[in-house]
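Each chain, letter by letter, is given below.
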Amino acid sequence: MRRSRTGFAVVALGAAAAMVLTGCAQRSNQGAPEGGSAQPSVGYPETPPVEVVPGKPGGVFRLGITEPTAIDPYNVQESEGTSVANALFTGLVQVEPDGTVVPGVATDWSANDDCSQWTFNLKPNTHFHNGEVVDATSFKRGWERVAAPNSGSEVSYHLDVIQGYEEFQAGQAPEMTGVQVASANQLVVNLVQPDCEFPLRTNHPALSPAPAAVGPTSDPNYTDAPIGNGPFKMDGKWEHDKGIRLVRFEEYDAGPKAYLDAIEFTILNPQNGVQLETDGFKAGTFDWARMPTPLIGPNRAEFEPQGKWLSKKTNGINYFVAMNAEPPLNSPEARKAVSMAIDRAAIAEGVFKGAQAPADSIVPSLFPDAYQPGVCDACVYDPVKAKELAEKAGLTPGTEINLSFNTGAGHEEWTAAVRQQLEQNLGLKVNYQGVPFTDHLNNMEAKGASGLYRLAWGADYPTPGNYLIPLMATSSIKLDAEGKVTGNNYSRYSNPEFDALVARASATKDEAARNELWKEAERIAIGRDLAVIPLFQRQQFRLVDHSKWGNVNMDFNEDPTFDQIFLK
Amino acid sequence: MGKFILRRIGQAVLVVLATTLLVFLGTFALGDPFASTGDRQVPPAIAEQNRAIFGLDKPLYQQYFTYLGNLATGNLGVEYDQRRPVADMLIDVLPNTVRLALVAILIDVIIGVIAGIIAAVKRYSFSDVLVTVVSTVAIGVPTFVLGVVFLAYLAGWGPFPAVPRPFGSEVPWYQEVLLPAFTLAIVDAAFVARLMRGSMLEVLRADYIRTARAKGLSERVVIGKHALRNSIIPVVTYLGVSLGVLLGGALITESIFQYNGVGYLLFRAIAGNNVPIIAAVVVFAVLAFVVLSLIVDILYAFLDPRIRLD
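Chains as they are written, first to last, in the numbering used here: chain H, 778 to 1345; chain L, 135 to 444.
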């Protein structure tokens, strides 16, 4: 899970990119399928994706970010750093805003029968910014640089599915044995367990190639001006707390060249950065801007009619961890009762002013082939039914239930509304508790935790499995010696049927068949058992002038699609 | 005199030493910087490695002595996020803060001293009432309110550059420094004006002023030479201490204007729980304050011989 410095949910996989070649780009884009009956009509509508057309070179695209943790792939974590790293590097594959996987440096890729071994064929003779050729060794070098014991990387776990990672990371092996250079243009990767969605993982910046001229991760002279192979290259060094300037890589050969002459990232005060982005957009300083929540409504009213508005449901779900192993939520009826007693639409309207949409699934609408509108049938507000279920589950009036949230992140108001609804609709005695995030996490992990805990999840890779497995698979509970949860399945939902389905899905090569398995798994874990309680779908809003810039879309990382944008 | 200075230096060393302990305990209380927090999940093995790199796996007292030892040898260490040397970061931003502090003090002196003299000389006149009222209001308005108002209404207008400025658009320092300097100076100038007025009024009642007037000196000489020299002593003290505070970085003002000084550096470090920066900046701020107060005390002793006589 990656952190986001400005939003309260977490951001996802880097995407960017795509084939500017028409044909490829003319696809029906993401978005919630229309007409899903359970999809409540609350929240601001998404704007249709901009059709990608051929552009012309030119233009400097300017935007504000906050100081990234790193722009060198070894430690890229939040949306800001990913945004820069994705412009600087092209990985094996690329993911389009609609989730389609398209070639990056790899021309094609294939797996053995159970997806435990992957073979990537690389485009011959593509180049790094310093002129070096990108080959299979470059990828092995790049990955081992991240996984090395002394790299200081906080994101090396993205490589942990590869054989030999642990030994190499622990310093017990001279190389990561699972990554094999079969020939200059062929990379073979052996995994510790089958993963038919592994190529999507290679889109993460941590899995970028590195040239022979790469510097150590501890050398700021290098990490502030990394040598990439992407459509843009550094123009000078990263000036900390001031800005980063990228220019078009004229010799780019891993895909179509970018149109923009340059991208200018201005680094803003983290405290009011998004406000400053909006101010800057209005003043003509920035071409792309986020905004603080209270400004979403007014900005939409002002800018949508002018064609300067972008709205998209993105990779993220806000949900309640519901403690499955301890009373009172140790039965599906009890969890459904609680869920149906929550009026998501009223909260979305009243508290979020339309800036968040009620969720009706755990796999978000971002994955059109796996999203099942209304799969969470208990995500509908129905106090009568809730009361019935509660009685069945022994959730009688006066029953005590914990409702915990982390303070200082804007969760006070809506959790208070939930508390009120639970008291009103079910007569529960709610132990309402706001604590700092670390304590919140500790409480959730602790043995015997019970009740409801607020949390948000964004997938690291654009796959439904990256929602279902970490949040609900038995293998993601990871109890330690003291009975503490160390995985992401804080709800401690454990169902062999579900586990078998997601394992099968991970090992199913055919995409359509795999999606059917994901769907079936979600119908069990969410539809039948309600392992966790989905609440709100993450939605993002941006200001951008579509009459000035062509091909501006929002990628998986909630960043602009730099490699396609052109000045009209 | 030598004994006096020695004693004051001894006190200053003690203050700085005590500060290091407080800073250390304070930053330590911020918690484990490598723990998984918020949306950042650090794998335990990697968190452990990082803790070891920064010596956080050692016992607390040992960490303190290491820290103290490093500090004594001028080694401020590297920060957590990007492993940049903290000393370099501090040196980078220091000139900006020095400029800001000096310009702010200059504005203080010009506005505060003149307003104070006018108010004192024309006691109970309209100007006196005006100075009193305006200074009361100015002291009452918090700096951050003033800063935000300036930012909203003045930034980007006339000589005042916009905030934020796009990367690469350089603005001359004297323009960049204007709004934050005014923000900082206004409260201080109000204090100076009141201090100046009070002190001047006292001096004007003194015998030697009456003597000067009796000698037939012009009012300009009486005020500008005889009265001013004596009445400005408390103002100098105040401004000296004020300069010490400003050199430690104006956290709020610098942050509002994204002025790349010591205060904004500290602000970002606090937001990111970047302990090495916080520790370094706070110690630096205390040092700046202590040294400036020391200088003021010594100057004062020179200006006013009574101080030395215990």
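Calculated directly from the structure, the hints in this document are not laboratory data. A hint or two may mislead.
Between beta-carbon pairs, the in silico distance windows are [claimed, not checked]:
id : chain 1 : residue 1 : chain 2 : residue 2 : range
1  : H       : Glu1288   : L       : Asp222    : 46 to 52 Å
2  : H       : Tyr999    : L       : Val282    : 48 to 54 Å
3  : H       : Glu1189   : L       : Ala286    : 38 to 44 Å
4  : L       : Val268    : H       : Ser1324   : 47 to 53 Å
5  : H       : Glu1028   : L       : Ala405    : 36 to 42 Å
So these bits of chain L aren't anywhere near chain H, every CB distance computed over 10 Å [as the list claims (entries may be wrong)]:
id : residue
6  : Phe138
7  : Ala146
8  : Asn184
9  : Asn209
10 : Met223
11 : Val297
12 : Phe301
13 : Ala346
14 : Leu428
15 : Val430
16 : Leu437
Example chain H residues on the side facing chain L (calculated, C-beta under 7 Å, incomplete) [stated by the list, open to error]:
id : residue
17 : Thr846
18 : Pro997
19 : Asn998
20 : Gly1020
21 : Asp1038
22 : Glu1041
23 : Leu1045
24 : Asn1046
25 : Pro1047
26 : Leu1053
27 : Lys1059
28 : Gly1061
29 : Thr1062
Using N, Cα and C, we set each Cβ at its ideal position, and we do this for glycine too.
Inset, instruction - Determine which of the earlier numbered hints do not hold for this structure and return their numbers in increasing order. - result: 2, 3, 8, 10, 11, 12, 19, 21, 27, 28
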